[in-house]
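Trainee: Listed below are the residues making up each chain.
Protein chains: 4
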Amino acid sequence: MVIVMGPEATSAHVATVVGVVQSAGVEAFVSKGVQRTIVGLVGDVTQLDAASLRGMAGVRDVMRVSTPYKLVSRENHPERSTVHVSGVPIGPGTVTLIAGPCAVETPEQTLDAARMAQAAGATLLRGGAYKPRTSPYAFQGLGEAGLRILADVRERTGLPIVTEVVEAQDVPLVASYVDMLQVGTRNAQNFGLLQAVGAAGKPVLLKRGMSSTMEEWLMAAEYIAQRGNLDVVLCERGIRTFETATRNTLDVSAVPVAQRLSHLPVIVDPSHSGGRRDLVLPLSRAAIAAGADGVIIDVHPRPEQALCDGPQALVDTDLGELAQVMRDFPPLLGKTAAAALTV
Amino acid sequence: MVIVMGPEATSAHVATVVGVVQSAGVEAFVSKGVQRTIVGLVGDVTQLDAASLRGMAGVRDVMRVSTPYKLVSRENHPERSTVHVSGVPIGPGTVTLIAGPCAVETPEQTLDAARMAQAAGATLLRGGAYKPRTSPYAFQGLGEAGLRILADVRERTGLPIVTEVVEAQDVPLVASYVDMLQVGTRNAQNFGLLQAVGAAGKPVLLKRGMSSTMEEWLMAAEYIAQRGNLDVVLCERGIRTFETATRNTLDVSAVPVAQRLSHLPVIVDPSHSGGRRDLVLPLSRAAIAAGADGVIIDVHPRPEQALCDGPQALVDTDLGELAQVMRDFPPLLGKTAAAALTV
Amino acid sequence: MVIVMGPEATSAHVATVVGVVQSAGVEAFVSKGVQRTIVGLVGDVTQLDAASLRGMAGVRDVMRVSTPYKLVSRENHPERSTVHVSGVPIGPGTVTLIAGPCAVETPEQTLDAARMAQAAGATLLRGGAYKPRTSPYAFQGLGEAGLRILADVRERTGLPIVTEVVEAQDVPLVASYVDMLQVGTRNAQNFGLLQAVGAAGKPVLLKRGMSSTMEEWLMAAEYIAQRGNLDVVLCERGIRTFETATRNTLDVSAVPVAQRLSHLPVIVDPSHSGGRRDLVLPLSRAAIAAGADGVIIDVHPRPEQALCDGPQALVDTDLGELAQVMRDFPPLLGKTAAAALTV
Amino acid sequence: MVIVMGPEATSAHVATVVGVVQSAGVEAFVSKGVQRTIVGLVGDVTQLDAASLRGMAGVRDVMRVSTPYKLVSRENHPERSTVHVSGVPIGPGTVTLIAGPCAVETPEQTLDAARMAQAAGATLLRGGAYKPRTSPYAFQGLGEAGLRILADVRERTGLPIVTEVVEAQDVPLVASYVDMLQVGTRNAQNFGLLQAVGAAGKPVLLKRGMSSTMEEWLMAAEYIAQRGNLDVVLCERGIRTFETATRNTLDVSAVPVAQRLSHLPVIVDPSHSGGRRDLVLPLSRAAIAAGADGVIIDVHPRPEQALCDGPQALVDTDLGELAQVMRDFPPLLGKTAAAALTV
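As they're listed, the protein sequences go chains A, B, C and D.
Mind the numbering: the first sequence is residues 1 to 343 in UniProt numbering, read in order.
Mind the numbering: the second sequence is residues 1 to 343 in UniProt numbering, read in order.
Mind the numbering: the third sequence is residues 1 to 343 in UniProt numbering, read in order.
Mind the numbering: the fourth sequence is residues 1 to 343 in UniProt numbering, read in order.
For reference, chain A alone in the conformation it holds in the complex:
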């Protein structure tokens, strides 16, 4: 941590700051310049609050020089991690395809979508039973009935299940049905939920908040990790910007950046990023080419009847092209499609 004093700071201001720092057991090195005095801190600064230091008289700025997340950081864990979801790997050696319907609507629709997913090379099934919707008048998901459908489809297809959980109190129930818990973008800073999924003993798919910085996203992962769960997969799903041509702006740079800062696997959701069917394949290619460890994609047997996000779901005629992407691109990145590993 570096404390920059303002030009108006007196020796007394500097001395007070140094005192506060030292009383927290941290060493302070003072460099006096022509215009500014800089106080460099060395030691364990976790007990020092940057914001409070910034509020002290004479202080102009406080700059952190180490990362605030520890458990998910790559600094102390240089090797990238692989998370296993009921045997399916997500990590540096593979490109995993997770696919399925945005929302579970009926047993038939879910099974049909799962078959589509499988045909395209998916090794994990996604599907929402609890849907966070902007409008209280929109379809909110089938709840536990949806979880039962998912479990039944898993039995028939062999695909482990990823599903979203939206409330801390639902975590035990949802975890009892599924293989991986998803935390959605609107709950990216719902800390109670993060702690609950951290304690649930299942891998977690953590979507980036639509306006989360890289650091906030990793701090959200740290909340999960702190409860003893390091099986966290980060998922970039588009951020909110001024551009309205797409539903969100896919921040494809987030893939290599997050992989350098954290050891956790990083995947991409091209369906929710773009919000348009015609963007799903180009963005899937881009994600994998940028190094993503997987993609999660909406598919629907009859999207015009979908109760949620139909316009972004891939349909039957797209599956061949998706399968081709999954076959051609991973090897160029030195990766295998996850399907190959599990067969």
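Since the hints were made in silico from the structure, they are not lab data.
Backbone N, C-alpha and C define an ideal beta-carbon position, used for all residues, glycine too.
Watch out, some of these pointers could steer you wrong.
In silico EDC-like pairs for lysine to aspartate or glutamate, Cα to Cα no more than 16 Å straight-line [said to hold, decoys possible]: (1) K32/A with E27/C; (2) K32/B with D44/D; (3) K32/A with D44/C; (4) K32/C with D44/A; (5) K335/B with D328/C; (6) K32/C with E27/A; (7) K32/B with E8/B; (8) K70/A with E216/A; (9) K70/B with D44/B; (10) K335/A with D328/D; (11) K335/C with D328/B.
What the simulated footprint calls covered on chain A by chain C, stretch by stretch (three residues with Cβ under 8 Å from a Cβ of chain C suffice, anywhere in the stretch; the number is not a length) [unchecked claim]: (12) 62-70; (13) 236-244.
Dock chains B, C and D against the given chain A, drawing on the hints supplied.
Mentor: Quick look at chains B, C and D alone, frame taken from chain A:
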């Protein structure tokens, strides 16, 4: 609702769209232009999903022409509402000052802050017992012990209490202690929490999400209203933009815009918007001048020791100026400072 | 400047960095921590390029601790400046109203608008003869014919003129007609134009770029100042954000922030910020209340016939209210309406 | 165009709107609904100003249903275009690599960088002689001396040259030296410059403004096209968002979106998007995988000595990997690396 067909749309495409619309009991008026065909819908369109229509063959765009929020909209409720918090009004006739510490730390600190608030003209006390923090290593609030401190300070000062609740399961407990429940920016789309506070029988202070559009913010209020609670106060607290000179960017236009779209009162949080003490007073003046029905402000007796957001809290020497703002500005807007009404 | 070395940096890396720094005549203080080494620089760092240092082996981050703008900074010029435009002051002691039509269309329309402006208390006339328009098919302004109209209206009303110039080569011509040159938001980083207006010998109204950070805005002012012209007035006019309810998002915090960082006057354009007539008065009040040294407002005698931005122009029936704002608000901020000074 | 009347609109309001529309020679179809009246316009609406209509009494909203850009739109020109730069194609059949130094510094540095570019498969040389810099104290480019160096290097390497021009008055001089003119992000709405390059008779590389919407970007291209020049290549180079982990946020979705809206080729600048060397290759792969028709990349023989943007330049040891990207990825997209075509 207006459906715009693309230049490639055939008569069959148009007929299919019209069929879907009519089967939902809605009338469809078709206007054929040189380049485009437009289908205007008349009737109750709540059962039609814009996104699904957009996914139909030949459809280029679907535009809503009425608001998706009904209960909080000003269209059906032209007169602006006043919400009463244990007798204290927040609404079009007044400018209410809510003040107190960001976090409840000790009984002494809370009481001192409440006295400061009162000296500046506050008629409601703010104070956090449950603190959503970006870092799992930061102070997370005292929980129920904090609520007890707040209740005790209310008894000694007579100030009704506003406090944040962060999890649906905590709502009954928190509601049993306090006068108004606050939903914070990170939970602006935590729909389970919104429904829980909607059912709790206490007025709600709903902060805007840091990346919520005007429509998303009002839809969040609609979630609360739909559970039978129309005592909702909207609070603008800064949005996330590219600018880093301030912690967030206060969207002061949101005050008149929200007041035109909704009948609910709208207040501003200048402390969290700017994140800097020296901005609190200028932004408070700006908020009131823009027509805000109140402001909510951090004050702290010893901000350099604050466990949360110390650098943005007003201190003793700022109170005279704040009191002056509360005295001078409301009359220019045809409003009274709320204090005057309750004495 | 502070250079933070990465955890992987060797002693050789640090030595190389120190060598580069010292060869630029700057002192380097090295603080070795447990995880990081920090190099604090003291001296004249203007010859060091932060970006190049950041590219050196072992360097993790380079942080500037002093401002990159010198001439417009308040650090070396603590007293806030007043700019005089043909006798009309813009600065800390006053609130100046600049008003007029967005675009000069006809002599009658311009004269009528100028009379409206004057009736509301304006002491400077705005009006565009060169209009930068998003579409090549939109009205682009009358050019020199418009300047002649403005000069004629100045003669009849006594109001000095502010007008936009969009190309460096037009600066001498425009400067020969008008009292103050405006640089628009789309040219906020058109450095050739900034240098040309810097050399023209007339005061400059510098609008903030729609995505300019505070620092970029002040650097644009520095370009003008560097050519010997310190008569620069900064104008906040709304920034680009995700919110679409308003044309731009007025960053009202920019007023006090820019006034703390720079000695230059800061005014606000509420017309272009909101893009809606019904927001102009609330945002004008907010701007003045935040401490703005003036506001610049579109007025039009017949806005439904306006060739540019009609929907945001104030009309006859708004003028009384605007005049009242100019009378009531400045005294609360310890300021005078500029009109009073010039009469 | 569709005009939505507000719930308060009277029959007289509707009649006035219809009158204005019809007097512009456009047909108006009125649909009266329960809550709203909608006026659909059919015919040539280019003479109607949406903003002015929006300002009329009773009007709630005006929605365009056709694109405002005509010449660059794909609607009237379904086949995607190929632009040839002195024989080198940029278009749907190829992936073109443009590489070179950010700034021309010396003959040696430029020649070395050109050799590096060529080794990696580049068929066009980039290099800046006029550099728009945020700070007036930063290196601004060598000007005409830099152009001479570029021309000399072209003679020695055979690589046609792309260079930025920053002022309209410089266009004839720059065009006399180089093969393709670049308009930079800060000049994306410098309309005089756009018109000047439109008239210069050379292909144009048009970077997207850092806060330009898709529509504004295409309107900028329309400015060039309107002067008779359809040899325009669009270049996505990152947009400004809240995320600070990268210099800009590469909007990779802009590639397929722009290609659907416009027939012009679309390339990507991964160097300026990310601003970091370690992101250049991942983002290049992502861009090509998303369907980009080329990439433009900074290379520098000695980046630690670069006068501009050294930290983002690729170095010698990166070239093999870049060449491999150019060899492996284009075939997966059904494209050829442009090099193959020109040999």
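Trainee: All hints, please: hold or fail.
Mentor: Status of each hint after checking the structure:
no., hint, in the structure
1, K32/A with E27/C, "holds (11 Å)"
2, K32/B with D44/D, "holds (14 Å)"
3, K32/A with D44/C, "holds (14 Å)"
4, K32/C with D44/A, "holds (14 Å)"
5, K335/B with D328/C, "holds (15 Å)"
6, K32/C with E27/A, "holds (11 Å)"
7, K32/B with E8/B, "holds (13 Å)"
8, K70/A with E216/A, "holds (13 Å)"
9, K70/B with D44/B, "holds (13 Å)"
10, K335/A with D328/D, "holds (15 Å)"
11, K335/C with D328/B, "holds (15 Å)"
12, 62-70, "holds (count 3)"
13, 236-244, "holds (count 4)"
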